[in-house]
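K.L.:
Protein chains in written order, with this note's numbering: chain A, 1 to 354; chain B, 1 to 354.
If you're looking for bench data, these hints aren't it; they were derived computationally from the structure. Predicted model only: the values in this text are computed from it and were never measured. Be aware that a few hints might be false.
It does not matter which identical chain is meant; a pair holds if it fits inside one copy or across any two.
[Stated by the list, open to error] Pairs of lysine to aspartate or glutamate residues, derived as DMTMM-like cross-links and limited to a Cα-Cα distance of at most 25 Å, are as follows:
no., residue 1, residue 2
1, 293, 336
2, 293, 351
3, 293, 132
4, 293, 135
5, 293, 315
There are 2 protein chains.
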Amino acid sequence: MTAPVSGPVLVIGSGLIGASVGLALRRAGVQVWLDDVDAVAVAEAVDRGAGEPWRPDAGQPRLVVVAVPPDVAGPAMARAGDFPDATVTDVTSVKAEPLAEARAAGADPRRLVGGHPMAGRETSGAAAARHDLFDDRVWVISPLAESDPQRVEDVRDLVVTCGAVPVMMAPEDHDRAVALTSHAPQLLSSLLAARLLDADPDAVAVSGQGLRDMTRIAGSDPRLWQSILNSNADSVADVLEAFARDLEGAITRLRQREDLGDALARGVQGQRRIPGKHGATATAYDLVPVIIKDEPGELARLFVAAGGLEVNLEDVRIDHVLGKPSGLVELSVRPEATTRLVEGLRALGFDVRA
Amino acid sequence: MTAPVSGPVLVIGSGLIGASVGLALRRAGVQVWLDDVDAVAVAEAVDRGAGEPWRPDAGQPRLVVVAVPPDVAGPAMARAGDFPDATVTDVTSVKAEPLAEARAAGADPRRLVGGHPMAGRETSGAAAARHDLFDDRVWVISPLAESDPQRVEDVRDLVVTCGAVPVMMAPEDHDRAVALTSHAPQLLSSLLAARLLDADPDAVAVSGQGLRDMTRIAGSDPRLWQSILNSNADSVADVLEAFARDLEGAITRLRQREDLGDALARGVQGQRRIPGKHGATATAYDLVPVIIKDEPGELARLFVAAGGLEVNLEDVRIDHVLGKPSGLVELSVRPEATTRLVEGLRALGFDVRA
Chain A
1 MTAPVSGPVL VIGSGLIGAS VGLALRRAGV QVWLDDVDAV AVAEAVDRGA GEPWRPDAGQ
61 PRLVVVAVPP DVAGPAMARA GDFPDATVTD VTSVKAEPLA EARAAGADPR RLVGGHPMAG
121 RETSGAAAAR HDLFDDRVWV ISPLAESDPQ RVEDVRDLVV TCGAVPVMMA PEDHDRAVAL
181 TSHAPQLLSS LLAARLLDAD PDAVAVSGQG LRDMTRIAGS DPRLWQSILN SNADSVADVL
241 EAFARDLEGA ITRLRQREDL GDALARGVQG QRRIPGKHGA TATAYDLVPV IIKDEPGELA
301 RLFVAAGGLE VNLEDVRIDH VLGKPSGLVE LSVRPEATTR LVEGLRALGF DVRA
Chain B
1 MTAPVSGPVL VIGSGLIGAS VGLALRRAGV QVWLDDVDAV AVAEAVDRGA GEPWRPDAGQ
61 PRLVVVAVPP DVAGPAMARA GDFPDATVTD VTSVKAEPLA EARAAGADPR RLVGGHPMAG
121 RETSGAAAAR HDLFDDRVWV ISPLAESDPQ RVEDVRDLVV TCGAVPVMMA PEDHDRAVAL
181 TSHAPQLLSS LLAARLLDAD PDAVAVSGQG LRDMTRIAGS DPRLWQSILN SNADSVADVL
241 EAFARDLEGA ITRLRQREDL GDALARGVQG QRRIPGKHGA TATAYDLVPV IIKDEPGELA
301 RLFVAAGGLE VNLEDVRIDH VLGKPSGLVE LSVRPEATTR LVEGLRALGF DVRA
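Generate the whole structure from the sequences, applying the supplied hints.
P.N.:
Structure below.
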C-alpha cells in the first residue's frame, strides 16, 4: 500500500462517481472539497460525508478530480488547470476525446492525466454514492505523452487510496479496448434485443438462457450510453465495422450452405481469452447442475451443504424452468473439487444432475 | 395430467436425447424399444435402463421417436413410416428441413408430427442420459398441415409423459423462432468472441461482466452448431441480414455523430419481451449487491441468512473483482422483499451495497 494521496483534493462534479471518490478519500483521512454547477448536489454529497463545499478562498488543491459527463469533461479539466500547481485527472469512461478537448481549451498537458474507474451502479446521484464503490475494481490511468511522471504518481496514489487496482493504458489504447470489450458489445446487445420487438410473442416464448445472457446489458440507461458511444464513436465504429464484415461473411456462407465450423471454433478460442476471476486467465470450471425447489431456504440448504463439504463455489447460475416450482442451479467449481461436491451433495439427498 | 403415451415406443437413436426419452418413458411404465446404427450405443442405453433392444420380430410400435442428428433425421422418419400404423415424431432442433426430407423420402404426412424438446446438456451419449432431462422444459410440437389430429395427441401424450410442457408451433414458425432466439444469437456470440483473438492482451484485461455474458454461449460445441446452423440456414440468415441492416445504420450514425438514443431505447423495450421465470413475462426484480469474502462457506452464510429472512432469491450473480479475495454477489428479489432483505442482511453484519 502506497501513502494516501496528498490533499486537499477538489472533486468537480458531485454525482455518483464524484461523491464516491469523496467518500473513499475521506475514509483515508484526505481533505476533500466538493464542487458542482448544482448546489443541491454539493449539499447532498456534503451531507453524505464526502467532503466540504468548495469555496474560492479555501486555498489551492493539490489534485483536481473532474467527475462530470464526457461531453463537458474537457473544458472542466482545462478550467481546473487554472490552479497553479494542481494535478488534474478525470473519471469519464472515454479518454482521448475529453483529454484532446482539455488541451484545445488550454490545459497544461504536463499536469494532466486521464483516469477511468471501472465501477458504477444502476442508480446515479450523490445519494447512491459509496465509500467502497472502487474497492478491488480496475481503475485505468491514461497519461498523455507529456504528462509529468510525478503527476502520474499522484493519480496512482489517488487510485490506490480509493481502494482500486491501477492499470496503465494510453488514452487511445483505453478507448480502443473499451470499444471492443464494452461499448460495441453494448450496442450489439441493444440491436439484438430490439430485433425481438418485431417478433411474434410465441417466438419469444422459446427464448433460452443464451438469449437472456446476450440481451442483459440491453436494459441499460439509453441516455448514458448515447453519451458514451458519441464520445468514443470512431473506435466503436471500427470494432463494429470489423464485426459487420465477419457477419456478412457468415451470412454468405449460410446462404451457400458452406461450413461455418472455423468461425465457431474461433469463437471458442476468443471466449477463452476473457480474464476470469480476480483478473486471472479464465479457468475451465466444472459445471455441477442441481435441481432445487423454488422455495425460500432451498438455495441456503444447497450452499450450506457446499460449504460443509469445504468446496468453494466459483460461480452460480440459476436456470429457471417452465411450469413448475423448481429451478436448475449450476454450480461452477474447480475440477479437483467436483467429485467431492457431487458425491457429498448426493449423500445429503440433493438431486445432482452431473 | 393426461394418460401416459400408449406404447410400445420405438426410439431410433440411442444418444443423449434418445436414451433420456427412453428413461423418461420407462419411469412412467411405458414399454420402450431402442435402436441405433451403433450397437454399443444401444447396449449402453439398455444398460442405463432406457428400454429393451429393438428386434425386427418384436412387434409393431405405436409411436416412433427419431432421435438422430438433423442431417439424417428426414430419411430416418421416412423409414419409420414403414411400420403400418405408427405415429412418427423426431426431436431435432430444426423442423422444416428434416420434415420436408422425410416427405420427399416417402413418409406419410398424416402420421408425421415434428417435435423439439428445449433441453440438452454439455455432454452427449447414452451415458449422460437422464430420466428427468425434460422435466418442466418446453417441448415444441410441430404438426404438418396434413398431420392427423389423433397423431398430434399421441405426441402430446409423449411430451407430457416425459415431464415436459407442450407448446404448439408450425415447423416454419418454430424454425424462425429459434433462428431469432437461439441460432442467430449463437453465431453473433461466436463472432464477437472471435473478435477478441486479434486484440491486445491489455485490452481484453478490461473486460467486464457484459462481455462475459455476451460470449458465454460462444464456448459451445462448434460441430453441433455447424449442423444446426446448416439445417436452419435461411431462417438464421434472414435474422442476421435484418440485424446487419440495423448494424450498418448504427455504424453510419456513429460515424456522423448522430443520435443513437432511439436504437438503445428499442433495445430496452425488446429485452423486456423475453419471458422470465417459469415462462411468465419478465418481472423487474430488484438487485441487492452484497460483498462477501471468497472463502468456502461464505455464500452459504449469505443464503442461510436470506432463507432465514424468508426471502426467495429469484436469481444470483457473482461478479468477481480484481486483485483481492472478495466477490460481489448480486441477489435478484421481488421488489416487495427488497427492504426486508437489505435491512435483515445488514442487521446480520453483511456488507450490503444497496
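K.L.:
Now tell me if each hint is right for this structure.
P.N.:
Verification of the supplied hints:
In this assembly of identical chains, residue 293 and residue 336 lie within 25 Å of each other by CA distance solely across copies; the values are 21 Å between and 28 Å within a copy. In this assembly of identical chains, residue 293 and residue 351 lie within 25 Å of each other by CA distance solely inside one copy; the values are 10 Å within and 27 Å between copies. Proximity of residue 293 to residue 132 under the C-alpha cut-off of 25 Å is restricted to the inter-copy arrangement: shortest distance 14 Å between copies versus 35 Å within a copy. For the identical chains of this complex, residue 293 and residue 135 are inter-copy neighbours only, at 13 Å across copies versus 35 Å inside a copy, given an alpha-carbon limit of 25 Å.
In this assembly of identical chains, the alpha carbons of residue 293 and residue 315 lie at most 25 Å apart whether taken from the same copy (20 Å) or from different copies (13 Å).
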